[in-house]
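Need the complex rebuilt from these two chains, each delivered in its own frame; the hints are there to steer you.
The residues making up each chain are set out below.
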Amino acid sequence: MSFEDFKVFYVLSLLGLGSIILAPTLALTVRLPSGERFSELWILGSGHMAEDYPFNVRLNETCKIYLGIGNHMNGLQYYRVLVKFRNGTESSPDALNATPSTLDPLVEYRLFLSNDDVWEKEILFSVQDFVFEGNSCRVSRITINGDIVNLSPIKIATWNEESKGFYFQLFFELWLHKAEFVYHNRFVGIWLNMTKSV
Amino acid sequence: MVKYKSVVCFVVFIFIFSQFIDACFAADRATTDEALVDAESDLVSAYVTVGEAEQVGANVSELLVKLKSAGDLLADAYNVYRQGDYDKACSYAMNCSYGVNGIASEATGLKSDAEASYSERLFVTAAVSSVGLSLLFVLSLFGWRFLKKRYLQGILKMKPEVRKTE
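Read top to bottom, the protein sequences are chains A and B.
When we follow the working numbering, the leftmost residue of the first sequence carries the number 5, and every step to the right adds one.
When we follow the working numbering, the leftmost residue of the second sequence carries the number 131, and every step to the right adds one.
Next up, chain B with everything else stripped away, as it sits in the complex (with noise of 0.2 Å):
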């Protein structure tokens, strides 16, 4: 008798538990107001340091493929929230955050890398630049030289042009 009673209990436990469950861990307004601003704020930070890392060069389509995936669960959180699903719109929300989660560093380092490769890239064309000047610069004057002899012994090798006079 005492062990039925148990069971009984038991089970009118489970069910009362089961109608609170949700009540427990559903969102409410403010948090769900609360997990979409943190997660514009995530998106946002995010978006520009991956703007400015393609700015410089970087290849960040990896990242951009995050970024929509991000925006698309934005989206959603707010499609939901218009319709009163805050609980929805709270779960998307934190997904959204949580995709963008590590965004920044990666895009901060793709672009301290792209800057890297660009003063590389820079500082060996500059200097090809300046020794093909220095080059052209020298030559320039041996050219002048040669040149200009050149041009006086065709002109002292010309003849004299005797002309008639009327």
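So here's chain A without its partners, still in its complex pose (with noise of 0.2 Å):
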């Protein structure tokens, strides 16, 4: 070894030892940029599986699935379900202009979540009332979680030739605080085909 490489070996050294003697005030102070920030939406089916979702709904019969929110936007976050439900021509949540469906919420769960964290809960629904008449089905009461929610206007739906059935769509849309709520474009639901008690 030359005495020129001798010698930036040994500054080099000092380099290094400098730097680990400064590294935990640098951890202090320097603060690295996050990851992406993006929240979860999810709904499972009642073996609390993405399986077995309610589909095939009777009169009075009460489904069961489970929703969960996760956080990871880097910090607490207060965030609003609004649980909607509509046949298949009213207003659906459309994600490529990020805006919500039009309807009004039957229910709604406001929460708050620290970083990383994840709320999950059991959602119990019947469809309380319920009618056939000729082509079409009419929906009028839902129960949510104990609440009975009557429909107004009443829900209709006209029979779906391609699909044999009565179709309903109960859906959660994710609203996200931030001087006010705004539309988060996250949202998940199941179809409902509603059917006669045999």
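All the pointers check out, no bait thrown in.
Here are the simulated SDA-like cross-link-like pairs (lysine to any residue), alpha carbons at most 20 Å apart as the crow flies:
#, chain 1, residue 1, chain 2, residue 2
1, A, Lys125, B, Asp202
2, B, Lys198, A, Tyr70
3, A, Lys68, A, Asn197
4, A, Lys200, A, Tyr57
5, A, Lys11, B, Arg275
6, B, Lys287, A, Phe7
7, B, Lys198, A, Glu112
8, B, Lys198, B, Glu182
9, B, Lys196, A, Asn119
10, A, Lys11, B, Leu269
11, B, Lys196, A, Leu115
12, A, Lys11, B, Tyr281
13, B, Lys279, A, Ser6
14, B, Lys198, B, Val167
15, B, Lys218, B, Asp202
16, B, Lys218, A, Asn149
17, A, Lys168, A, Arg62
18, A, Lys182, B, Gln185
19, B, Lys198, A, Ile127
20, B, Lys198, A, Leu45
21, A, Lys11, B, Val268
22, A, Lys182, A, Glu112
23, A, Lys159, B, Arg212
24, B, Lys198, A, Ser43
25, B, Lys278, A, Leu16
26, A, Lys125, B, Val195
27, A, Lys68, A, Gln173
28, B, Lys198, B, Thr238
29, B, Lys279, A, Leu18
30, B, Lys278, A, Val12
31, A, Lys182, B, Leu194
32, B, Lys198, A, Asn78
33, B, Lys198, A, Glu124
34, A, Lys11, B, Phe272
35, A, Lys68, A, Leu45
36, A, Lys182, B, Val174
37, B, Lys196, B, Met224
Each pair of labels, with its calculated beta carbon distance range:
#, chain 1, residue 1, chain 2, residue 2, range
38, A, Asn139, B, Ser171, 47 to 53 Å
39, B, Ser171, A, Arg41, 24 to 30 Å
40, A, Asn101, B, Ala246, 44 to 50 Å
Hint data in this document are derived by calculation from the structure and do not stem from the laboratory.
Note that this is a predicted model, so its numbers are computed, not measured.
Built from N, CA and C at the ideal position, the CB exists for glycine as well.
Here is the structure:
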């Protein structure tokens, strides 16, 4: 090793040692950019798995799903979940334009989540009042976690020839509080086929 | 007879009073709207303060429990409001406001404590780092002199190598 190489090696060693000594102070003062910020929203079936979702619904039959939210927004967040119910032709959330459904919510949930915290709630619902009239099905009352919700206006679905059923969608929109609540462009839902008891 | 009439009058009065008491204290839509707006505003200001405290590293777990409970109450208030039960909605909204009362000041206190603790930690760490760097600088000068001497001595001790020329 030449004298010049020896000098460079010595200086580099000192710089390395200096960095180690400075590291605790740098860790307290320098804030590295955080990763991608996002929120999770999911529903699981009655077995707490991504299967066995309710589909064929009978009058007064209680169905169970699990609704979950995960916060990865790098800080405490204030969320609102709006539970809505629609037939196949009514307004639904638009993921491309990030707009929510224009329908009024049936019920809502509000929650505060710390970073990387998860919230999960068991949702028990039953369609309390629906009638079949010729080619249509009219739903007028739903119970969600014990809250009886009278639908106004009454939801009407016509017979779907292609999929053979009277379809309604129960869906959940996620809203996030910034200066006010804004739609967070996340929604999940399940299609329900109203079925006559035999 | 007079006594009997008085009793009847009293009973009739109680009956009429019980019929109207609800109406006297029932919350109308405007009152409920106001209570909901107030509750939302109280909850949001508490949330903002707790969020700020959390950002500086304060332990806000207890405050979060209160916030969550108040959030549930406000959601219940809106749920019954949609069903037209303004009395219950107003009551829930007022309970929500009551529930978050004091959270903001508590969070501000925790934030100040966390900031003070951070400053203290930063001061101690910076002081230790400064002392460490100064020591490293001084020792490196001595070390350099020592290593340079050894390196040169090593070179001087080397024996010239004689090679045979072809």
